Amino acid sequence: MKDNTYIPKLAKIIQIKEEVGGARPIKTFMTQFIQDNSFSFKCGQCAMLSVFGKGESMISISSTPLIRDYLQFSILKMGRVTSSLHEMQEGDIIGIRGPYGNGFPMEKWKGKNLIFIGGGIGLAPIWSVLHTALEKKGEYGDSMLVYGARTSKDIVFKQELAELRKKMKVHLSVDVEEPGWQEFVGFVPLNVLEIKPSPKNAIAVTCGPPIMIKFVIQNLKALGFEDEQIYTTVENKMKCGIGKCGRCNIGLHYVCKDGPVYSWAELKNLPQEY
Amino acid sequence: MVNLEDLKKEAKAVLEEGKVKYIIGYEKSANGLMPVPGFIKSPEEVEKLIWTPACVYNLTKFLVDEKRRKSREKKPDERPVGLVVKGCDSRALIVLLQEKFINRDDVFIIGVSCEETGVIDEKKFLKKLKGKKAEKIEFDEKDNFMVTTQEGKVKVAASEVLAERCLECKANSPLIYDVILGEKVKRSMDNPFQSLEKLESLSEEERWKFWKEQLSKCIRCYACRSVCPMCYCDECVADTINFAVTADTTAEEKAQKIKWLEKSPVKSENFVYHLVRAIHLAGRCIDCGECERVCPLDIPIRFLNKKLEKDAKELFDYEAGFDPEQASLVSSFKDEDPEDFIR
Amino acid sequence: MEKVLDKKSFPQWVTKLSSYKVYAPVQEDEAWNYEVITNPEKVNLDFPNTVLSPKKIIFPQREVYLEFSSSDEDGLELKEVLPEEEPSVIFGVRPCDARALALTDKVFSGDFEDIYYWKRRNQVALVGLACSVPPSPNCFCLSVDGSPFSTEGLDILMSDLDSKYFVEVFSKKGEQLINAAKTLFKPATEKDKKELEKNRTEAKKRISRQIQNIKKIPPVLKGMFDSPFWDEESMSCLRCGICTYLCPTCHCFDINDEVLSSSPLKGRRIRTWDNCQFPDFTMHSSGHNPRPDKASRLRQRIMHKFQYFVDRYKNYQCTGCGRCISRCPVGIDIIEVLDKVSSYEG
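Heads up: the protein sequence lines correspond to chains V, Y and W, in order. Just so you know, we're using the numbering used here here: the first sequence kicks off at 1 and counts up by one. Just so you know, we're using the numbering used here here: the second sequence kicks off at 1 and counts up by one. Just so you know, we're using the numbering used here here: the third sequence kicks off at 1 and counts up by one.
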């Protein structure tokens, strides 16, 4: 059973936090392995979470690898498995197998300024790399976060964002005007244009709805960013997570194995089928 | 006899007048005797059309495709689609009209009569040829086919190679059409429901054993469902995903979709799939025989639908696909309907 | 090792293999399929090709790989379900089907080796049967770097020389099978070898279908992703699953949980074959489907087999068995499609 990657390891949910309520709720789960704690991963990698009896779902790990006590996942309620996760209580058991995927190439980013651009639940995959870079402050240049959601109620990690402001520049936005909102109003790509981050010695990492990513990349290029400086993550329907079931391919790449992290230079050459 | 040139002429005329988007007919295959569905888009392409006893396919299914295609287009071409139909195919079309799945003006029907014969069962035909390769098969006078092999031409009695369902045919000429080719003639070989006699003579245990064996072979390729014109549901009992999902469908709705059967191709699930499908086709199946023709494991699933067709006739005096205005069997009732099962 | 076996002695060889689970093609009505042999006397290798390839024995259509149940200790108990330990032999494997297994071997190796596939693969011996006559009018193994007497993936290859079989052995597993009935085999003579050569030269000539310019195809395909070609070619496709399920090289699978009881929880996790031609194959939970129409799915099938797989593994993911051509309900012919691709100017 040990070397069989298909068999999940059992983990207990030790904390559940409601990030966003309403029709499209998001909850953050902290999990702890029951027996085997040898799990180690790179930023940007994902794990297959099992709800036994319902199925599995590939979720990006949003905690930093520097924390060994628990794994953190932020999950949007979307279908059968995620609905089941949202109904769980602290103490419930799930399965976790992984880590899968290629992770962010952080070694290539040493000394560079990091610009994180997220939308909605897209902040979760970035969260891991953002905190890792912050912890290892000396190794990287200046960091900045540009993040927006539909409304202020849809913003995830609200408390953590307030803390984060003390350590780095954080630019928030909501899509439409709302009473009491002091910061930028408009879509995230427009906020990026407004802020005008410099492409000099910089790397941009963006995650969010596909349409947002499309325009963020467009605007970053307009600001002078090269294709190799822009990174994003791709999602696709996955089942095995290890590049064998054939489902998640984009061209010859399996997103679960060769992705989900891609630079725009790589991604633009793949068939746009995701 | 149906003259192929007349068929081409009709097709050409309607394309030249711009009356239809394209015509779906039978085209010669580059490889082998069986034709392939042809999509004739311009008057010049009508030369590709053929009409032979090997024109087995029920092309009505492509109307379901056309509807799906239109729903995806922003500015769809509203012209009808031309369709070459045989008698049995026209009954499938009538069921689609009965159920208001399509409108009469969505299709321009080019009807072709099978006259005194019908279409072949490819397996029976190959067996009859005993290994010789057939280059051509044509309709001949009365109830014969003319087959051309490398050794020359030979007459073959149609009754020896006809598809099973042709021997029980209820409509050897299209019942609905915009143009009709060939004559409506009475056929002598039709004996409705004769193919069920063997199975009906078996005991319940023997029949159960038969179906256990047959349905264990099923690999759930869903070819039977894919080829059936009446299987057009977006939300099929066999799928665990509901295709009618939109951006507004809530997570609860998706999570609560009942899994009626497992994906595993085991006996229990195969039984559920085939029996539920047969019941969903009760009073709708017009016996085009396509389901059985396409099955790669040669499972005789046509019998399941045929039996229900017989029940519909005997219990409710109902026959599908004759009258576009007729209500569907399961959504209508008459005072005379049998009640002996109500206790 | 090259030996000769009298055809009349073949059933005796099979009888001597009683310590193995023996599979061979069995006829039911008109169709042949691999079944477990209970009566070795009845093994008959006079068959064209089976409907389903021997892949189904090594990579079964349904496989339970994990069982889960509620437990008092950790809340849940997981039990790995591995394939039974049973040395097996498959007789009558056509060279195209054996080559196909050599290709699926590549997929299931690499990072995260698939333990279920390999447990079965390693305990099965494949005894091939060369094709003197193409089993199907749609065979085209020569076009995809195969041949009617290819030995790739096989432990033994038998070639039919009328009254006898020429038997070539390539592996230790194969040798063990021969040793189980040593006395039945005679060493191959020069005359036998000459007969074999002649048989093979003739066999190659009998394959009538071929793909024109297959070497042109992978680079041409690369530029065809956005072409309307796929829409036209897929117009008659019914989106059934026949081509993919019958294909000996296809390997896509699904993973699902089947619940036997919900409280206390008891169930199993199962892997089943899946099909990229089914509309729901790539459908996301959100309802977004990267391949919503038949054109994109046909494009995926052709490009995966003749471009993506070539880029990754340097082999076409097709061994020319012709099953997809023979059984497609609407006569979509992969050779025709590929010929159109190689002459495509877009």
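Keep in mind the hints are simulated off the structure, nothing from the lab. Since this is a predicted model, take the numbers as computed values, not measurements. Honestly, I wouldn't trust all of these hints.
As the list claims (entries may be wrong) - EDC-like mimics (lysine to aspartate or glutamate), calculated; alpha carbons at most 20 Å apart, straight line:
id	chain 1	residue 1	chain 2	residue 2
1	Y	209	W	46
2	V	54	Y	262
3	V	54	W	77
4	Y	127	W	35
5	Y	212	W	28
6	Y	41	W	77
Against the structure, the hints come out as follows:
A distance of roughly 29 Å separates the Cα atoms of residue 209 of chain Y and residue 46 of chain W; the hinted pair therefore is violated under the 20 Å criterion. At roughly 12 Å between alpha-carbon atoms, residue 54 of chain V and residue 262 of chain Y fall within 20 Å of each other, so this suggested pair holds. Proposed proximity of residue 54 of chain V and residue 77 of chain W is supported: the alpha carbons are some 16 Å apart, at most 20 Å. Taken as a hint, the residue 127 of chain Y and residue 35 of chain W pair is broken in the structure, with Cα atoms around 24 Å apart against an allowance of 20 Å.
For a cut-off of 20 Å, the pair hint linking residue 212 of chain Y to residue 28 of chain W stands: about 15 Å separates their Cα positions. Proposed proximity of residue 41 of chain Y and residue 77 of chain W is contradicted: the alpha carbons are some 61 Å apart, above 20 Å.
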